[in-house]
Amino acid sequence: MTQPITRQRKAVSLISGGLDSMLATRAMLDQGIHVEGINFYTGFCVEGHTHAIRKKDKAKPKRNNALWVAEQLGIKLHIVDIIDEYKDVVINPKHGYGSNMNPCLDCKCFMVRKAHEWIEEHGFDFIITGEVVGQRPMSQRRDTMPVIQRESGAEDRLLRPLCAKILPATLPEREGWVDREKLFNFNGRGRKPQIALAEKMGIVDFAQPSGGCCFLTDAAYSSKLADLWSARGERRYELDDIMLLKVGRHLRPRPHFKIIVGREEGENRFLEGYRKQFTHMYTTSHSGPLVLLDGEANADDLQLAARLTARFSQGKMADTVRVELHEKGADKRELDVVPLTNEEIPVEWYL
Amino acid sequence: MSHHQLDARRMLCPMPVIRTQNFVVKLPPGDTVDVLCTDPGALHDIPAWCRIHGHEIINTQEQQDGELTITVRVGADSS
Ligand code: SF4
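Same order as they appear, the protein sequences are chains A and V. The first sequence lines up with residues 375 to 725 when you count with this note's numbering. The second sequence lines up with residues 990 to 1068 when you count with this note's numbering.
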């Protein structure tokens, strides 16, 4: 009797660039599953462009960790721009935020949902993630695992190879596409089992785990985002807004405007790209940063912003500093101002 | 076989590689694309993405002002 031809099963793996998703993927490849990676770009990802902005980081070798992981594993990687759709996740997370502005549980549900749509579109059988029960306080808990399965719509087509043995069997396990016995039972915050498995699999180079995969877990970044929303009176953002939060010093001297001060050449060059959209100024009598003004500013406010600009220039000790002001929709003009002293800048102005 | 141009200037990584990917998947094998970009990270990302998906980088040029042109030839399996 001839054996029925069994088709090779296909899985898509959520690749973050970290070790866990790398191990989960390898475990599936080792079981003969065809795996392709998917990586989501939210606009808040730590990857990449921050290096491109700051000049001092330029010398460091830079890589996109998700692409790098995919190459190490020998799988394809599909990078999906979810910037617009993701706004709703950040602005209205049903399950709330973690310790900062990170809506991790909603984020996970959303990403798995997108992956589920992807497998349906591409004829793949299931989804895998590198999640570990208890690894993260908000999104990777025993009680949140079924929430992700349910709310994403992936249900039992979502397999977590690293902790599958302590979770109910999923479709790929029940159907025998993967051997549950060869999966893992990792549990808790520790990293030892992952490190040991990496060693066993011969994986030596990997990105070190950190607090999270995006800027929303960063306290300083989150407070700047909260400030942006409260100043605007509504929770809303564009990609440019969240990019600018990653760059420069932000000071809000008045409720109705803030300034963004380039800290070095690379940041100044980056901010230059925004000159058309913002009122901006820089010192001409001394070298100094490019300063963007976000909000509405009257004559007094512009004067104050110019004095701050002078404060962050080489002329901060000078009696007067000349500032060239380019007000949005007006001709450029020059202001001679006295730089503010350190004592005149309340710490609360710094965001 | 056609030659195309894709403008990804002023975009920050990983946007240039995402744009390249979304453009290339629609092209038949053998077509070529000049990707214009300004983020030096694209020099790593676009070739890495091409290696993974079986496309080829046939030329890379950097101008004085830092503007980059990365030329990609679409491989046989462009999925
Ligand atoms: S750290 Fe950021 S990207 Fe990662 S799950 Fe949380 S919100 Fe999502």
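No lab work stands behind these hints, which were simulated from the structure alone. Warning: the hint list may mix true and false statements.
Stated by the list, open to error - EDC-like, lysine to aspartate or glutamate: derived pairs with alpha carbons at most 20 Å apart:
#1 A:Lys650 / A:Glu708
#2 V:Lys1015 / A:Asp455
#3 A:Lys566 / A:Asp592
#4 A:Lys706 / A:Asp674
#5 A:Lys384 / V:Glu1045
#6 A:Lys650 / A:Glu670
#7 A:Lys461 / A:Glu639
#8 A:Lys384 / A:Asp517
#9 A:Lys566 / A:Asp601
#10 V:Lys1015 / V:Asp996
#11 A:Lys450 / V:Asp996
#12 A:Lys450 / V:Glu1045
#13 A:Lys690 / A:Glu670
#14 V:Lys1015 / A:Glu495
#15 A:Lys620 / A:Asp601
Checklist entry - Hint by hint, which ones does the structure fall short of? => result 3, 5, 7, 8, 9, 11, 13
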